[in-house]
Amino acid sequence: MATAATAPAYTSSESHGATGLMSWLTTVDHKRIGILYLHTSLFFFVVGGLEAIIMRYQLMRPNMQAVSAETFNQLFTMHGTTMVFLVIMPLSAAFFNFLIPLQIGARDVAFPRLNAFSYWVYLLGGVFITLPILFGLAPDGGWFAYAPLTTRTYSPTQNMNFWVLGVQILGVSSLAAAFNFATTIINMRAPGMNLMRMPMFTWMSFVVQWLIILAFPVITVALFFLQFDRFFGTNFYTVTAGADPLLWQHLFWIFGHPEVYILILPAFGLVSEVLPTNSKKPLFGYPVMAYSGILIGFLGFGVWAHHMFAVGMGPMADTVFGVTTMLIAIPTGVKIFNWIFTMWGGSLRFNTAMKYAIALIGMFTIGGISGITHASPPSDLQQTDTYYIVAHFHYVLFGGAIMGIFSGIYHYFPKMYGRKMDEGLGNLHFWLNFIALNLTFFPMHFSGMLGMPRRIYTYDAGQGWETFNLISSIGAFLMAPAMLVFLYNFFKSKKHGEVAGDNPWDAPTLEWSIPSPPPEYNFAQIPMVTSRYPMWDITHPERTAEIPHSTKGWDEARHRSDEHILPGGGHMADMAPAHIETAAKTASELDIPMPTPTIKPLLVALGMLVMVASLLPFFAGKTSAFVVLLAIGAGTMIYSLYDWLTTPLEEAH
Amino acid sequence: MTRFFRPRQLVPVLSVATLPLLFAACSGNYPNSTFQHTTEFNRDLTSLWNQMMWWGLAVFVIVETLLVYVIVRFRRRPDSPEPRHVHGNALMEISWTVAPALILAIIAVPTVRSIWKYQTPAPNGSLQIEVIGHQWWWEFKYPEHGITTANEIYLPVGRTVNFTLRSADVIHSFWIPGLGGKRDAVSNQVNHLWYTPDSVGVTGWIGSCNEYCGASHANMRFRVFTVAPADFDSWANHQKAKAVYPPPAPDTVAVRQVAAAPAPAPAAIAEGYVFPAAQRPAHVVPATPIPAGNTFTEGLTGDPQRGLAIYSRSACIGCHKIDGNPMSIGIIGPNLTHIASRATIAGGLFPNDTRHMQLWIKNARKMKPGVTMNSLGKGEFDPILKMTVTVGGLTDQEIADIAAYLQMLK
Chain A
29 MATAATAPAY
39 TSSESHGATG
49 LMSWLTTVDH
59 KRIGILYLHT
69 SLFFFVVGGL
79 EAIIMRYQLM
89 RPNMQAVSAE
99 TFNQLFTMHG
109 TTMVFLVIMP
119 LSAAFFNFLI
129 PLQIGARDVA
139 FPRLNAFSYW
149 VYLLGGVFIT
159 LPILFGLAPD
169 GGWFAYAPLT
179 TRTYSPTQNM
189 NFWVLGVQIL
199 GVSSLAAAFN
209 FATTIINMRA
219 PGMNLMRMPM
229 FTWMSFVVQW
239 LIILAFPVIT
249 VALFFLQFDR
259 FFGTNFYTVT
269 AGADPLLWQH
279 LFWIFGHPEV
289 YILILPAFGL
299 VSEVLPTNSK
309 KPLFGYPVMA
319 YSGILIGFLG
329 FGVWAHHMFA
339 VGMGPMADTV
349 FGVTTMLIAI
359 PTGVKIFNWI
369 FTMWGGSLRF
379 NTAMKYAIAL
389 IGMFTIGGIS
399 GITHASPPSD
409 LQQTDTYYIV
419 AHFHYVLFGG
429 AIMGIFSGIY
439 HYFPKMYGRK
449 MDEGLGNLHF
459 WLNFIALNLT
469 FFPMHFSGML
479 GMPRRIYTYD
489 AGQGWETFNL
499 ISSIGAFLMA
509 PAMLVFLYNF
519 FKSKKHGEVA
529 GDNPWDAPTL
539 EWSIPSPPPE
549 YNFAQIPMVT
559 SRYPMWDITH
569 PERTAEIPHS
579 TKGWDEARHR
589 SDEHILPGGG
599 HMADMAPAHI
609 ETAAKTASEL
619 DIPMPTPTIK
629 PLLVALGMLV
639 MVASLLPFFA
649 GKTSAFVVLL
659 AIGAGTMIYS
669 LYDWLTTPLE
679 EAH
Chain B
308 MTRFFRPRQL
318 VPVLSVATLP
328 LLFAACSGNY
338 PNSTFQHTTE
348 FNRDLTSLWN
358 QMMWWGLAVF
368 VIVETLLVYV
378 IVRFRRRPDS
388 PEPRHVHGNA
398 LMEISWTVAP
408 ALILAIIAVP
418 TVRSIWKYQT
428 PAPNGSLQIE
438 VIGHQWWWEF
448 KYPEHGITTA
458 NEIYLPVGRT
468 VNFTLRSADV
478 IHSFWIPGLG
488 GKRDAVSNQV
498 NHLWYTPDSV
508 GVTGWIGSCN
518 EYCGASHANM
528 RFRVFTVAPA
538 DFDSWANHQK
548 AKAVYPPPAP
558 DTVAVRQVAA
568 APAPAPAAIA
578 EGYVFPAAQR
588 PAHVVPATPI
598 PAGNTFTEGL
608 TGDPQRGLAI
618 YSRSACIGCH
628 KIDGNPMSIG
638 IIGPNLTHIA
648 SRATIAGGLF
658 PNDTRHMQLW
668 IKNARKMKPG
678 VTMNSLGKGE
688 FDPILKMTVT
698 VGGLTDQEIA
708 DIAAYLQMLK
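Quick mapping for you: the protein sequence lines, in order, are chains A and B. The first sequence maps to residues 29 to 681 in my numbering. The second sequence maps to residues 308 to 717 in my numbering.
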């Protein structure tokens with residue numbers, strides 16, 4: 029807290045030269061793309077939340093008729109799809125974008141234009157999949173879209189097409205981003221930052237990129253099968269042609285279970301940054317935290333069939349998947365205890381970020397314990413597809429991922445905008461959210477074990493579920509004011525928050541060594557790192573005294589820079605031992621080459637969307653509209669892509 | 308920094324607030340509770356659950372206690388000293404890796420034992436019931452007795468029942484929470500589920516579809532009646548007989564097996580055991596309100612004889628089967644041979660009474676979202692075909708007649 033807080037000399041948009049709409053449409057700056065991700069996913073968070081509130085209103089009492097069955101089915105399909113693909117993943121992506129280069133001491137991501145492309149594909153795909161709900165055409169097959177229900181025979185309308193095509197589009201975004209960040213982390217770390225010195229958020233993000241790279245191709249294949257079935261009459265999932273409907277389930281969950289870790293690990297990473305900072309202590313058991321993250325990711329690929337214990341896979345498969353699922357509890361439990369002992373003996377500062385981080389530990393533990401009860405296949409037969417499962421995964425995803433992400437937002441807001449969020453409002457937001465979370469989801473454990481199936485738009489009176497549903501609904505309604513408080517705080521603090529300074533939380537990692545908000549080039553001089561906590565090495569050397577220090581990697585970096593350029597894009601002269609940067613010069617004053625803003629990634633994304641959307645008229649038998657849209661879309665995409673690939677990244681200056 | 312309220316003061320309030328919830332869950336009337344000791348399957352599952360819950364509770368208490376202790380004990384105060392900068396402890400980390408592994412090993416043993424116990428073939432002599440999931444109703448067959456019925460099962464107390472599960476269309480999931488775990492009815496696959504209702508009373512249960520299967524997934528329920536073996540035999544013997552309407556002339560009664568049929572015509576129909584309406588627990592009696600916009604002319608009296616004639620020349624016979632009515636041979640919809648003996652109609656959505664039957668026949672699609680059965684009433688709007696029924700539509704009087712006929716099929 030020692031840093032004297034002064035108004036930032038510039039804002040990040042000014043530092044980029046241009047402001048206004050065009051500057052955002054053409055940006056290739058990872059920080060601005062991160063901010064775009066953040067705003068877009070917060071918007072979808074509101075949409076997904078409203079969908080949930082309508083559902084909870086319908087289920088507040090038995091036999092309600094607030095919405096029709098068809099509408100309710102669209103609502104729960106879209107709530108799940110939105111929260112998974114349009115909220116939690118991109119909220120994590122907001123942090124990948126904003127933080128990874130800053131944490132590893134790089135000036136940008138490996139492929140800045142691909143990064144912009146990922147965002148635009150996400151935005152357009154999100155709009156494509158969300159908009160139909162306004163016309164009653166939203167997907168209605170559930171977020172895991174089980175075939176054969178989702179084949180053309182049983183879903184003959186356009187609704188599921190938006191899901192099949194939309195999720196495919198979103199997959200392109202995730203894969204492009206994952207390759208980008210994996211490359212960035214592998215190649216662009218600052219000198220001396222070997223893998224075991226990476227900040228834990230970057231570590232968890234690294235694991236997540238591999239999960240995306242390995243899991244998304246599986247859903248891509250599954251979706252292509254379904255797409256071909258629906259549009260071109262193939263028979264991958266056609267039961268009357270002899271298809272095994274479990275094919276979809278296996279493919280979906282081979283993707284779907286790693287997806288769960290794709291959602292939770294970034295939040296684990298954020299919390300692993302927040303806890304040490306606010307405890308004045310290094311992370312307890314850093315190597316074990318990293319290994320357990322890898323182990324969770326690895327085991328995450330071997331447990332998918334625990335979503336299918338009721339489908340009749342036979343005793344051997346049930347045994348194997350039951351046991352592997354239980355194994356995952358071990359590395360997860362290790363993380364929980366390591367977090368607690370990071371705080372143990374510390375000096376805890378309870379700002380909002382810290383409260384959310386601690387809430388993650390407490391709430392995720394509940395989700396973990398309930399998870400064990402359905403890791404046991406026979407026990408799961410009384411739980412799967414009931415509200416007990418709904419309770420479980422909301423404790424994991426709301427109590428885990430969302431709590432961690434809110435923690436990250438409060439923690440990193442000052443780095444993004446140079447100002448702090450209001451702590452009083454943050455406190456209110458936290459407690460409203462915490463109470464609402466438990467009020468909504470804890471009773472669902474009861475309604476589930478008392479026999480209430482999930483995904484039902486109504487239930488009969490006298491089944492013993494009335495009280496629990498009423499409480500759940502009241503809790504869900506309470507989330508609306510919580511979110512309003514947050515949004516008010518967020519937008520107010522951007523303009524009027526307390527000026528934060530470079531390192532308001534006295535945090536240990538590189539992103540806090542540069543001004544807030546950071547200049548477009550991030551680091552005027554690429555920092556050379558000697559330990560896991562370069563900032564504490566400078567500000568509180570006593571805190572890192574017991575941690576190994578070395579200049580390993582420096583010589584190699586110097587050697588490489590003689591031949592080529594540094595990872596991070598600078599030259600030899602740009603390197604300096606880890607230091608605090610205050611200078612506010614522009615990139616051109618410092619002679620740092622920056623990628624040129626370009627609209628091309630947006631055009632490619634737009635072309636791709638139009639091309640994919642042309643299948644909608646094709647489905648309806650409107651061939652001429654299909655051909656026209658296909659030609660426009662493919663033409664735009666191919667032309668813009670060619671233009672993109674033949675234009676150099678940086679303009680000479 | 309503004310403080311809106313002191314959160315620590317809330318902790319006791321919240322703890323007290325959750326207590327009634329816990330008590331509420333442990334007492335009260337929960338007819339669909341999964342913790343009922345009704346079958347060997349449910350007893351094993353409950354015991355498995357209890358073991359896991361005790362371990363889980365222990366872990367919960369340890370973690371949350373540590374967390375709360377840390378929060379209270381290590382809160383930063385103005386005079387807080389700089390903490391010791393421990394960055395790990397191999398022994399501690401090994402211990403909290405090994406301890407959960409041991410707990411999981413302990414849980415794994417009964418888990419694996421139960422998996423193999425209940426996935427072996429059902430014991431010999433089990434009552435076989437074939438379950439076929441349809442969008443959105445359940446078809447049940449008792450091959451031993453040659454019975455085909457819908458949305459309602461009778462089980463003899465004490466005899467193992469082996470459900471053979473199939474699907475006619477998409478994936479469904481067959482679940483009677485009060486009797487045991489669920490199993491999916493998967494297209495192109497045959498699954499099994501067996502258990503023995505050996506500790507149940509003579510009572511009723513609700514089953515449901517548990518795998519999302521489309522528009523009326525929520526409306527795919529069924530009733531289960533656990534009855535005394537003798538009553539089950541009586542029920543089964545009656546169900547397997549053909550529908551007897553119109554009542555046979557006295558000289559053809561010879562083959563009817565049930566004794567003591569009194570003389571007046573409708574009552575001459577042989578009646579087997581039916582679970583007495585008065586004894587049905589409240590939760591198995593549907594309370595679904597009639598959706599808005601469904602009306603029926605008041606005061607019409609149906610004539611079953613006329614109803615039989617109308618039924619036998621209407622669209623009904625294309626989808627429904629009535630053993631004993633040679634015209635009625637459809638197999639798409641539920642078998643109606645003994646429809647009047649059932650407690651509910653429409654996938655367990657409505658009670659089986661005159662008014663609901665009339666409204667159902669008139670416009671099923673307005674009564675239950677998405678159903679296959681067309682709207683049949685003259686002038687009714689069919690919400691799926693998006694057109695008004697004109698030619699071939701049934702008048703309210705005709706519908707009342709059909710309903711009267713169906714109510715004769717005890």
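Do not take every clue at face value.
[Unchecked claim] Facing chain B, a subset of chain A residues (Cβ under 8 Å, in silico):
id	residue
1	93
2	94
3	101
4	170
5	672
Rather than coming from a laboratory, the hints here were simulated on the basis of the structure. Just so it is clear, CB atoms sit at the ideal spot from N, CA and C, and this is done for glycine as well.
Against the structure, the hints come out as follows:
{"no.": "1", "hint": "93", "verdict": "holds (7 Å)"}
{"no.": "2", "hint": "94", "verdict": "violated (12 Å)"}
{"no.": "3", "hint": "101", "verdict": "holds (7 Å)"}
{"no.": "4", "hint": "170", "verdict": "holds (5 Å)"}
{"no.": "5", "hint": "672", "verdict": "violated (42 Å)"}
Violated hints, in rising order: 2 and 5; the structure is consistent with all others.
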